[in-house]
Amino acid sequence: AQSVTQLDSHVSVSEGTPVLLRCNYSSSYSPSLFWYVQHPNKGLQLLLKYTSAATLVKGINGFEAEFKKSETSFHLTKPSAHMSDAAEYFCVVSPYTGTASKLTFGTGTRLQVTL
Amino acid sequence: AAGVIQSPRHLIKEKRETATLKCYPIPRHDTVYWYQQGPGQDPQFLISFYEKMQSDKGSIPDRFSAQQFSDYHSELNMSSLELGDSALYFCASSFGTQRREQYFGPGTRLTVT
Numbered sequence: 008a009q010s011v012t013q014l015d016s017h018v019s020v021s022e023g024t025p026v027l028l029r030c031n032y033s034s035s036y037s038p039s040l041f042w043y044v045q046h047p048n049k050g051l052q053l054l055l056k057y058t059s060a061a062t063l064v065k066g067i068n069g070f071e072a073e074f075k076k077s078e079t080s081f082h083l084t085k086p087s088a089h090m091s092d093a094a095e096y097f098c099v100v101s102p103y104t105g106t107a108s109k110l111t112f113g114t115g116t117r118l119q120v121t122l
Numbered sequence: 002a003a004g005v006i007q008s009p010r011h012l013i014k015e016k017r018e019t020a021t022l023k024c025y026p027i028p029r030h031d032t033v034y035w036y037q038q039g040p041g042q043d044p045q046f047l048i049s050f051y052e053k054m055q056s057d058k059g060s061i062p063d064r065f066s067a068q069q070f071s072d073y074h075s076e077l078n079m080s081s082l083e084l085g086d087s088a089l090y091f092c093a094s095s096f097g098t099q100r101r102e103q104y105f106g107p108g109t110r111l112t113v114t
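Chains A and B supply the protein sequences, listed in that same order.
Using the working numbering, the letters of the first sequence correspond one by one to residues 8 to 122.
Using the working numbering, the letters of the second sequence correspond one by one to residues 2 to 114.
Among the clues, some could well be false.
Calculated pairs, DSBU-like style, for lysine-lysine (alpha carbon to alpha carbon, straight line, at most 30 Å) [as the list claims (entries may be wrong)]:
1) K23(B) - K56(A)
2) K56(A) - K16(B)
3) K56(A) - K75(A)
4) K65(A) - K76(A)
5) K23(B) - K75(A)
6) K53(B) - K49(A)
7) K23(B) - K53(B)
8) K65(A) - K16(B)
9) K58(B) - K16(B)
10) K56(A) - K53(B)
11) K49(A) - K16(B)
12) K49(A) - K14(B)
Over the 12 Å line for every Cβ pair with chain A, so calculated as not near, a few chain B residues [to be verified]:
13) P62
14) D72
15) L84
16) A93
17) R110
Everything labelled a hint here was simulated from the structure, so no lab data went into it.
Each residue gets a CB set at the ideal place from its N, CA and C atoms; glycine is no exception.
Using the sequences and the accompanying hints, generate a full structural model.
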């Protein structure tokens with residue numbers, strides 16, 4: 008079984024400062040890992056994905072994440088926060104094999120961006 | 002680019018009624034997934050279909066059923082609705098199943114009164 012743990016339920020940053028959203032994963036095999044973002048009353052948008060290629064993954068809107076097997080982590084970062092980044096962020100894991108590639112979501116981190 | 006389409010976007014039903022949610026995947030996507038997101042909760046996997054066959058089943062109540070049709074669209078049928086069924090229901094689609102990113106629709110907000 009696989010799971011993800013988002014270490015912070017709420018993160019607040021000032022506009023223009025770096026963003027760090029932390030995620031640890033647990034998986035018996037090499038997992039696929041994703042970050043999704045959900046703006047209020049909106050659907051889920053894929054930010055980036057890791058599927059055993061490059062360990063540093065670049066996504067949309069300036070976000071990136073680094074897969075660290077030794078630390079079982081997949082933290083999401085952005086050099087400079089923008090007001091429009093305020094949203095709920097989900098770290099997500101998918102199993103390596105099988106036809107049932109369902110996604111297992113973390114509990115989410117709410118990012119607040121202040122002026 | 003075309004996205005996943007869900008209808009209706011909002012639905013209000015009374016207890017013990019039935020509801021049908023529809024999902025139209027991205028063109029050429031052959032796999033559909035259904036998720037339920039309760040208020041303040043993370044999305045929970047319900048069920049998925051690959052090439053019109055059920056491929057996996059999650060925490061879907063027996064009162065719910067789903068299928069994928071020949072044009073790859075999917076419907077989630079919900080009967081004997083309960084207050085606890087009030088949630089945002091997402092459909093996602095992918096091309097293939099293994100290690101593929103899923104693209105989500107805007108969701109259907111179901112309110113049971």
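Hint check results:
1. A hinted pair counts as satisfied when its Cα atoms are at most 30 Å apart, and K23(B) with K56(A) qualifies at roughly 27 Å.
2. As the CA atoms of K56(A) and K16(B) are separated by approximately 40 Å, the hinted pair breaks the 30 Å bound.
3. Between K56(A) and K75(A), the direct Cα distance comes to roughly 14 Å. Compliance with the 30 Å bound is thereby established for this hinted pair.
4. Pair hint K65(A) plus K76(A) holds up; C-alpha atoms about 17 Å apart against a cutoff of 30 Å.
5. Of the pairs offered as hints, the one joining K23(B) and K75(A) is violated, with about 39 Å between alpha carbons and a cut-off of 30 Å exceeded.
6. Restraint check for K53(B) and K49(A): the C-alpha separation of about 28 Å stays at or below 30 Å, so the hint holds.
7. Only pairs whose Cα atoms come within 30 Å are accepted, and K23(B) paired with K53(B) is accepted, the gap being roughly 15 Å.
8. A threshold of 30 Å between alpha carbons decides the hint, and for K65(A) with K16(B) the separation of about 46 Å lies outside it, so the pair is violated.
9. Restraint check for K58(B) and K16(B): satisfied, since their Cα atoms lie roughly 25 Å apart, inside the 30 Å limit.
10. A threshold of 30 Å between alpha carbons decides the hint, and for K56(A) with K53(B) the separation of about 26 Å falls inside it, so the pair holds.
11. Straight-line distance between C-alpha atoms of K49(A) and K16(B) comes to about 26 Å, which keeps the hinted pair within the 30 Å bound.
12. Pair hint K49(A) plus K14(B) holds up; C-alpha atoms about 21 Å apart against a cutoff of 30 Å.
13. Every beta carbon of chain A lies more than 12 Å from that of P62(B), the smallest distance being close to 17 Å; the non-interface claim holds.
14. Every Cβ of chain A is farther than 12 Å from the Cβ of D72(B); the closest lies at roughly 21 Å, confirming the non-interface assignment.
15. With 12 Å as the threshold on Cβ separation, the claim that L84(B) sits away from chain A holds: the shortest Cβ distance comes to roughly 21 Å.
16. At roughly 8 Å, the least C-beta separation between A93(B) and chain A is not larger than 12 Å, which violates its mark as non-interface.
17. Residue-level check failed: R110(B) sits 8 Å from the nearest beta carbon of chain A, not beyond 12 Å.
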